[in-house]
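A.B. asks: Please arrange chain B on chain A, whose structure you already have, making use of the hints.
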Amino acid sequence: MDQAMLRALVNDLTDSSKMVSAKQQLIASGSDAIPVLIDVMNHGADKLAWRAASVLLQINEACAISALIEGLNSPNIVVQQVIAQGLGKSDDERVASALLAHLDTCPITAQLGIVESLGRLADPRTIQPLVEKLTGTDSPTLRQLIIKVLGKIGGESVVEVIRQFEDDENHHVRSRVHDALEAIRNQSTIS
Amino acid sequence: MSKTDPVFVYVEDEALSRAVMEILMVRGLGYNNLTIFEDSTDFMAKMENLPEVPDVIFLDIHVQPYSGFEMLKMLRAHDRFKDVTVIALTASVMNEEVDYLRDAGFNGGIAKPIDQATFPETLQCILAGEEVWSIL
Numbered sequence: 285m286d287q288a289m290l291r292a293l294v295n296d297l298t299d300s301s302k303m304v305s306a307k308q309q310l311i312a313s314g315s316d317a318i319p320v321l322i323d324v325m326n327h328g329a330d331k332l333a334w335r336a337a338s339v340l341l342q343i344n345e346a347c348a349i350s351a352l353i354e355g356l357n358s359p360n361i362v363v364q365q366v367i368a369q370g371l372g373k374s375d376d377e378r379v380a381s382a383l384l385a386h387l388d389t390c391p392i393t394a395q396l397g398i399v400e401s402l403g404r405l406a407d408p409r410t411i412q413p414l415v416e417k418l419t420g421t422d423s424p425t426l427r428q429l430i431i432k433v434l435g436k437i438g439g440e441s442v443v444e445v446i447r448q449f450e451d452d453e454n455h456h457v458r459s460r461v462h463d464a465l466e467a468i469r470n471q472s473t474i475s
Numbered sequence: 041m042s043k044t045d046p047v048f049v050y051v052e053d054e055a056l057s058r059a060v061m062e063i064l065m066v067r068g069l070g071y072n073n074l075t076i077f078e079d080s081t082d083f084m085a086k087m088e089n090l091p092e093v094p095d096v097i098f099l100d101i102h103v104q105p106y107s108g109f110e111m112l113k114m115l116r117a118h119d120r121f122k123d124v125t126v127i128a129l130t131a132s133v134m135n136e137e138v139d140y141l142r143d144a145g146f147n148g149g150i151a152k153p154i155d156q157a158t159f160p161e162t163l164q165c166i167l168a169g170e171e172v173w174s175i176l
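Chain order of the listed sequences is A and B.
Take the first sequence: its letters are residues 285 to 475, numbered as in the working numbering.
Take the second sequence: its letters are residues 41 to 176, numbered as in the working numbering.
Just chain B, same shape as in the assembly:
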């Protein structure tokens, strides 16, 4: 996954969290190919309408109507998206949540609010195909 212009999707129902991520990705890192969904309504229909398969999908776990876990399940069941790197974003900081996320099939997890000082390195690892668990 070493494209110069990777494609990202972010599903997040908190407006400010969306704004922070957009500033980091677009202004901070220069990644312009970021699509943001404001909730998980019609999630797979929106995914199928994307012109390209994303390189990385960030899913807020506690979004509605479908949770991050439910969206992941939909993605893994879809031929076009089953192999995409999917990263969970969660404000929970319980040890067991990492186990849930791993067992569910996420490729990594990032704590919210995102640690902005280390986010470039975190994203670099994700784009290199590494599992990243920056939850605790």
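The shape of chain A in the complex, shown without the other chains:
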């Protein structure tokens, strides 16, 4: 498929009647579609750039992952958010380190996606940075998501940290503490 056709497909990603088919064709095109998708992700308007990033995440090839990691620095918050959340589905070994490097520097709405991705990757190296983030953040939304992730990947080592938030003023956080401690108890029972 030539570049003009690929670009036309990318433009169709924002047309509600064509978006599903365009996305499927671009994913099927694989590496051929990557250059135009990267260009649109980096230079397109919000809506189109977001959709291009979404397709790149699904193509999941090494050069797409490189561009997506770079996209964590994008000035476009919609792109940052979708990349932060989507990279957790990649098995590329560079991803966990890249996400950790952006945990404090991305806008806070993208930090949510990073935490979610780190939970999905379940890399033990992420436990300590997440504990530090948990104790340092003012955001109850971020707090409750980190607690959920630590409940999944942290094991016994994070029980005391999580317990510090048992009486948190936010009801979502308190609820997550309960769920996370139960998840850790269940893991201990199983093992």
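Derived from the structure by calculation, the hints contain no laboratory data.
In this text the structure is predicted, and so the values were computed from the model without any measurement.
Where hints are given, some of them may not hold.
[As the list claims (entries may be wrong)] Simulated pairs of lysine to aspartate or glutamate, EDC-like, Cα-Cα distance not exceeding 20 Å:
1) B/K122 - B/D95
2) A/K436 - A/E416
3) B/K43 - A/E450
4) B/K113 - B/D79
5) A/K302 - A/E345
6) A/K432 - B/D155
7) A/K331 - B/D139
8) A/K331 - B/E161
9) A/K432 - A/E450
10) B/K122 - B/D155
11) A/K302 - B/E170
12) A/K373 - B/E161
13) A/K432 - A/D407
14) B/K43 - B/E78
15) A/K302 - B/D45
16) B/K86 - B/E137
17) A/K302 - B/E161
18) A/K331 - B/D45
19) B/K122 - B/D82
20) A/K373 - B/D82
21) A/K436 - A/D375
22) A/K331 - B/D155
23) A/K302 - A/D286
24) B/K122 - B/E161
25) A/K432 - B/E137
26) A/K331 - A/E354
27) B/K43 - B/D123
28) B/K113 - B/E137
29) B/K113 - B/D155
C.D. replies: Quick look at chain B alone, frame taken from chain A:
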């Protein structure tokens, strides 16, 4: 429901979740007609004050003082809002929660955090009147 500028309401008591949704809907999708309530206090009074009946209402299930289930009940009992598409947003991922939501009368459910890569397609299905259950 094929309006070019559909009307949305979102009830969410988590500030960051509100921010994410606003960025997706307004900046990402270009839908400017989004009203957000920061909790469910005086929910029906706020609904009655809206200039238009919304096309889609997103309700966080665990919001206070009224839960998503209680707000849905209020909407279904109100002549003006009884037929509106109401979508639950929930961080719970239990199978049985989907059954609860269905049985309660929600038109769909979306897991939180929202999957941003597929949200445009999900929303397209919702606007087309399809039931969407992206919980698990």
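A.B. asks: Now tell me if each hint is right for this structure.
C.D. replies: Going down the list of hints, with the structure as the test:
The suggested pairing of B/K122 with B/D95 holds, with an alpha-carbon distance near 12 Å, which does not exceed 20 Å. Between A/K436 and A/E416 the alpha-carbon distance is near 17 Å, which keeps this suggested pair within the 20 Å criterion. Pair hint B/K43 plus A/E450 does not hold up; C-alpha atoms about 46 Å apart against a cutoff of 20 Å. Distance check on the hinted pair: B/K113 and B/D79 sit about 16 Å apart at the alpha-carbon level, within 20 Å; holds.
Restraint check for A/K302 and A/E345: the C-alpha separation of about 24 Å exceeds 20 Å, so the hint is violated. Of the pairs offered as hints, the one joining A/K432 and B/D155 holds, with about 17 Å between alpha carbons and a cut-off of 20 Å not exceeded. Between A/K331 and B/D139 the alpha-carbon distance is near 34 Å, which puts this suggested pair outside the 20 Å criterion. With a C-alpha separation of about 13 Å, the suggested pairing of A/K331 with B/E161 holds against the 20 Å cut-off.
A distance of roughly 13 Å separates the Cα atoms of A/K432 and A/E450; the hinted pair therefore holds under the 20 Å criterion. Of the pairs offered as hints, the one joining B/K122 and B/D155 is violated, with about 28 Å between alpha carbons and a cut-off of 20 Å exceeded. The suggested pairing of A/K302 with B/E170 holds, with an alpha-carbon distance near 17 Å, which does not exceed 20 Å. For the proposed pair A/K373 and B/E161, the alpha carbon gap of about 19 Å is at most 20 Å, so the pair holds.
Restraint check: the Cα-Cα separation between A/K432 and A/D407 comes to about 15 Å, which is no more than 20 Å; the hinted pair holds. Taken as a hint, the B/K43 and B/E78 pair is broken in the structure, with Cα atoms around 26 Å apart against an allowance of 20 Å. For the suggested pair A/K302 and B/D45, the alpha carbons sit about 19 Å apart, so the restraint of at most 20 Å is met. For the proposed pair B/K86 and B/E137, the alpha carbon gap of about 27 Å is over 20 Å, so the pair is violated.
Proximity of A/K302 to B/E161 is assessed by CA-CA distance (about 11 Å); at most 20 Å being required, the pair is judged to hold. A hinted pair counts as satisfied when its Cα atoms are at most 20 Å apart, and A/K331 with B/D45 qualifies at roughly 16 Å. The suggested pairing of B/K122 with B/D82 holds, with an alpha-carbon distance near 18 Å, which does not exceed 20 Å. The suggested pairing of A/K373 with B/D82 is violated, with an alpha-carbon distance near 40 Å, which exceeds 20 Å.
The suggested pairing of A/K436 with A/D375 holds, with an alpha-carbon distance near 18 Å, which does not exceed 20 Å. The suggested pairing of A/K331 with B/D155 holds, with an alpha-carbon distance near 16 Å, which does not exceed 20 Å. Of the pairs offered as hints, the one joining A/K302 and A/D286 holds, with about 19 Å between alpha carbons and a cut-off of 20 Å not exceeded. Pair hint B/K122 plus B/E161 does not hold up; C-alpha atoms about 25 Å apart against a cutoff of 20 Å.
At roughly 18 Å between alpha-carbon atoms, A/K432 and B/E137 fall within 20 Å of each other, so this suggested pair holds. The hinted pair formed by A/K331 and A/E354 meets the criterion: a straight-line CA distance of about 19 Å does not exceed 20 Å. For the hint linking B/K43 to B/D123, the alpha-carbon distance of about 16 Å falls within 20 Å, and the restraint holds. With a C-alpha separation of about 17 Å, the suggested pair B/K113 and B/E137 falls inside the 20 Å cut-off, and the hint holds.
At most 20 Å may separate the alpha-carbon atoms for a hinted pair to count; B/K113 and B/D155 exceed this at roughly 27 Å.
The earlier numbered hints that this structure contradicts are 3, 5, 7, 10, 14, 16, 20, 24, 29.
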